[in-house]
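Assemble the whole structure, with the sequences as input and the hints as a guide.
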Amino acid sequence: MTIWWLIRLRVAMWALTAAWKVTKWAVTAAVLVAAAPVTIVAATGFTGAWLRGWPPARLYRAALWSLPAAAVYLTAAGLAARTWQAAARWPVLGWEGAFHDVQSGRLLTAAVRTAPLAVPAGLALAGAAWRRRIYHVETGLSGRTATAPVVFDARQWRRQARTARARVAVPATIPLLDARGQIVMGATIRAIGHHWHPTLTVSPAAMGRHQVIIGASGSGKTNLMIRSWAGWHAATLSAHQRTGAPRPLLIVLDCKGGPDSRLKAQRTRRLLHGTGASRVAIWPDEAAVSLWTLPPRELAVTLFQMIDTGTGPAAYYADLTQAVLSLAVTAPPGPPAGAAEFLGRLDHGQLAGAWTGHPAELAAVTAARPHLGDIALRYRTLLERLGPALDGPGAIGDADAWYFILEGTREQTVAEAQAMAIIELVAHAATSPGTEPRTILLACDDYSAVSGRVPLWQLYERGRSLGVGVQVSAQSWHGLAGTEDERYRIASTADGGIWLLRTPYPEPVSQLAGTRRVVETATKMLAGMWGDEGSSRVQHAWTADPQIARTLATGQAGYIHAGGCTWTQIARPRPSPLALPRAPGRPPVIIPPARPATTEPPGPAALDDAFGETRR
Amino acid sequence: MTSPGPFAALGLPATPMLTDEQVRDAWRAIAASTHPDRDDGGNPGAYQAASAAYAILRAPWGRTEAYADLPPARRQPEDTAATPVPVLVPATEAVPRAVPPGIARLPARIRYGRPGHLAARVLAAAAIAAAGWLSGAGAPAVAGIVALAVTWLALTIRGDLAPPPGR
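Chain order of the listed sequences is C and X. For the first sequence, the working numbering assigns the number 1 to the initial residue and increments by one for each residue that follows. For the second sequence, the working numbering assigns the number 617 to the initial residue and increments by one for each residue that follows.
Just so you know, these hints were derived from the structure itself, not from any lab. What you are looking at is a predicted structure, and each value in this text was computed from that prediction instead of being measured. A virtual CB, placed ideally from N, CA and C, is assigned to each residue, including glycine. There may be inaccurate statements among the hints.
Which residues of chain C face chain X? A few of them, derived with a C-beta cut under 7 Å, are [unchecked claim]:
| no. | residue |
| --- | --- |
| 1 | Trp65 |
| 2 | Pro68 |
| 3 | Ala69 |
| 4 | Ala76 |
| 5 | Leu108 |
| 6 | Thr173 |
| 7 | Leu177 |
| 8 | Thr275 |
| 9 | Gly276 |
From the structure, some residues in chain C lie toward chain X, with a derived Cβ separation under 8 Å [to be verified]:
| no. | residue |
| --- | --- |
| 10 | Ala15 |
| 11 | Ala19 |
| 12 | Val72 |
| 13 | Ala80 |
| 14 | Arg113 |
| 15 | Val119 |
| 16 | Ala121 |
| 17 | Leu176 |
| 18 | Pro575 |
Covered by chain C, according to a simulated footprint, are these stretches of chain X (three or more residues, beta-carbon under 8 Å) [said to hold, decoys possible]:
| no. | region |
| --- | --- |
| 19 | 723-730 |
| 20 | 775-782 |
Quick look at the structure:
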């Protein structure tokens with residue numbers, strides 16, 4: 001074996017390899033030319049998907065929907081040919097005829113001849129090619145530089161977001177409900193771990209469980225919430241009309257208050273009217289609700305919990321207050337019908353008269369006599385501060401929706417007490433055996449502003465036990481609750497899903513969403529250049545990428561549910577412009593507005609007595 | 617000075633219970649008496665105000681929006697906020713008993729959707745079908761291309777129609 005022989009062998013090997021490559025490319029080119037119609041459709045589909053940020057699934061579906069045309073073509077061919085042998089040859093003949101048409105300059109005829117089969121085949125091929133391209137770039141097998149996967153992903157996100165924005169700009173394409181009664185939230189930007197659909201839909205059942213919404217101011221949280229309320233109401237009302245399921249009852253606690261809340265309430269009302277709600281009550285501006293409709297024992301407990309009672313030596317006075325409240329509320333004449341009657345009962349003469357013939361209770365009244373004046377003063381202050389809107393005469397069940405505006409920013413302690421009372425009323429409406437059963441959704445916007453007396457996790461537990469869906473929003477992860485333990489407890493039990501909007505600290509939510517397995521390829525460097533050797537290994541990547549969450553634009557949100565995350569452009573809610581048929585059945589209940597307060601609100605010192613230390 | 621609102625501009629009571637005919641009739645009456653092309657020059661200001669108001673109030677949804685935007689003092693006494701706002705009145709398109717509601721609602725869904733886009737889409741589908749027909753490519757291919765056009769139209773047309781009521 002000489003050196004010359006080795007060189008010849010090496011050249012021969014190189015020539016063979018080159019010949020193989022050339023042959024392969026030549027055969028591929030020949031196939032592409034021979035299947036020119038399919039090639040053209042595939043190239044068009046591939047380019048469209050690349051430019052619009054479509055996933056391969058979209059091309060596959062388009063291919064699937066083109067199959068009926070292919071079926072019609074083949075059936076018509078079979079009918080024309082009369083024998084199956086001739087019918088089988090028809091596509092081949094048509095293909096052949098198309099090439100003759102092209103040679104003769106009849107491009108339209110050629111296109112028509114081949115389209116019924118070329119379109120589905122081409123779209124399927126485009127889908128496969130696009131999937132392969134994504135796989136190669138994402139795993140690092142393709143691309144000119146090591147940053148190619150990052151650049152590709154960022155570019156595709158921009159294109160996907162642009163396509164989703166264009167979709168939601170057309171109101172008719174994003175109704176509140178789809179044909180299957182699912183709530184349509186917006187256009188899908190990207191689906192990770194979920195099946196991709198052009199629009200993101202949420203089941204009304206998911207709304208009936210617990211949902212958490214986290215998003216900073218200006219991230220589109222309000223739009224998302226209002227859309228979900230309107231969609232849920234429309235879906236539940238539709239189910240009621242179709243199957244006789246319970247009517248919907250939407251309770252919104254807007255816990256920040258102020259002029260913005262009024263605007264939001266009006267907007268919510270307009271939307272709900274458009275979805276069939278006949279009565280949307282706005283509290284406390286336009287309608288009142290009665291705290292005194294609670295059963296006596298629940299009323300006594302609620303009234304007791306609404307004031308600060310303290311611990312240690314103060315527990316004595318707490319027990320005393322509780323005993324007096326129980327005596328006043330459960331007295332034989334029945335529970336008080338209003339604040340005035342209740343305050344009137346906090347008097348020794350009245351209580352003693354009411355419990356005449358009940359020696360044990362009379363003894364308790366006598367024992368509490370020295371403190372009755374103090375207790376009456378505290379409750380007078382409390383009820384005056386709470387305002388007349390909790391003094392009736394409306395009931396929660398009278399409306400299709402209640403929009404409660406709590407001044408959590410301006411008067412936190414009052415708002416906390418009001419929130420507690422309203423939650424008790426909702427619980428009573430959900431469980432009261434004598435009333436019409438309703439499907440209830442309790443939505444709390446910025447609940448952390450009023451969570452002092454009813455922590456959010458307690459609200460969740462309460463909702464779960466009552467069968468009430470609870471939706472809670474917060475401006476940040478830290479706004480969900482006071483401690484990390486509570487935050488995780490709330491977020492990890494949100495089985496209806498977590499909506500993640502733009503927020504500076506999304507990592508805890510991303511951790512809850514989990515990770516997915518991806519393949520990463522490391523490329524070997526040779527003398528400062530990327531070489532052609534490397535290795536691949538399985539890694540874990542975020543399902544809900546926190547970097548995406550940090551940079552979301554207004555109106556973009558991630559829906560984290562069932563181990564996946566669908567990034568969505570939320571559509572501005574708009575119900576159908578078509579008029580609803582007149583609602584059958586009962587006429588809407590008229591709820592008079594609150595009676596005006598008869599006395600001036602007490603000063604800060606007296607308020608501190610009722611509510612504890614003022615936090616304003 | 618505040619704007620009189622679209623209801624006042626058309627001389628209509630501020631209520632979402634109005635029908636399409638009532639709004640259209642009010643608009644026609646004002647347009648006829650104020651149009652700038654009249655011999656006496658009309659009243660361009662009133663005409664423009666009425667035109668703008670008609671653009672808002674011609675659809676039921678616009679009426680509910682305009683109604684909700686009014687301050688309570690300007691609403692009809694029986695429609696104050698404490699009184700329940702009724703559901704919208706049925707659309708002007710009378711629904712014949714024999715016709716399924718979905719088909720009967722179609723004209724309204726087209727009118728309140730994107731009729732221009734819809735027309736363009738139908739024309740495009742018709743053009744594809746006509747091109748197939750005129751190409752002389754043979755009956756099976758023509759049938760296939762017509763099926764392709766019809767499938768595409770059926771899949772995409774929904775985006776140009778207004779959603780059904782309550783959705």
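So, going through the hints one by one against the coordinates:
With a cut of 7 Å, the hint placing Trp65 of chain C at the interface with chain X holds, because the nearest CB-to-CB distance is about 6 Å. With a cut of 7 Å, the hint placing Pro68 of chain C at the interface with chain X holds, because the nearest CB-to-CB distance is about 6 Å. Annotation: Ala69 of chain C was flagged as interfacial toward chain X, and the flag holds, the nearest CB pair being 4 Å apart, inside 7 Å. The criterion of a C-beta within 7 Å of any C-beta in chain X is met by Ala76 of chain C, whose closest approach is roughly 4 Å, and the hint holds.
At its closest, the beta carbon of Leu108 of chain C sits 5 Å from a beta carbon of chain X; the interface hint therefore holds under the 7 Å criterion. The interface hint given for Thr173 of chain C holds, since its Cβ lies 4 Å from the closest Cβ of chain X, which is under the 7 Å cut-off. This hint holds: Leu177 of chain C has a C-beta 4 Å from the nearest C-beta of chain X, less than the 7 Å allowed. Interface hint at Thr275 of chain C: satisfied, since its Cβ lies 6 Å from the closest Cβ of chain X, which is below the 7 Å cut-off.
Residue-level restraint check for Gly276 of chain C holds (minimum Cβ-Cβ distance to chain X is 5 Å; threshold 7 Å). Hint status for Ala15 of chain C: violated, given a least beta-carbon distance of 47 Å to chain X, over 8 Å. With a least beta-carbon distance of about 41 Å to chain X, the hint placing Ala19 of chain C at the interface is violated under the 8 Å criterion. Annotation: interface hint on Val72 of chain C holds; nearest CB of chain X at approximately 4 Å, less than 8 Å.
Against a cut-off of 8 Å between C-beta atoms, the interface hint on Ala80 of chain C holds, since the closest Cβ of chain X lies about 6 Å away. The beta carbon of Arg113 of chain C comes within 5 Å of a beta carbon in chain X, closer than 8 Å, and the hint placing it at the interface holds. For Val119 of chain C, the interface hint holds, since its Cβ comes within 8 Å of a Cβ in chain X; the closest pair sits about 6 Å apart. Hint status for Ala121 of chain C: violated, given a least beta-carbon distance of 13 Å to chain X, over 8 Å.
At a threshold of 8 Å, the smallest CB-CB gap from Leu176 of chain C to chain X is about 5 Å, leaving the interface hint in force. The closest approach between the C-beta of Pro575 of chain C and any C-beta of chain X is roughly 7 Å, which is under the 8 Å cut-off, so the hint is satisfied. With 5 residues having a beta carbon nearer than 8 Å to a beta carbon of chain C, the region 723-730 of chain X meets the requirement of three or more and the stated coverage holds. A count of 8 residues in the region 775-782 of chain X with a Cβ less than 8 Å from any Cβ of chain C is obtained; the coverage claim is therefore met, three being the minimum.
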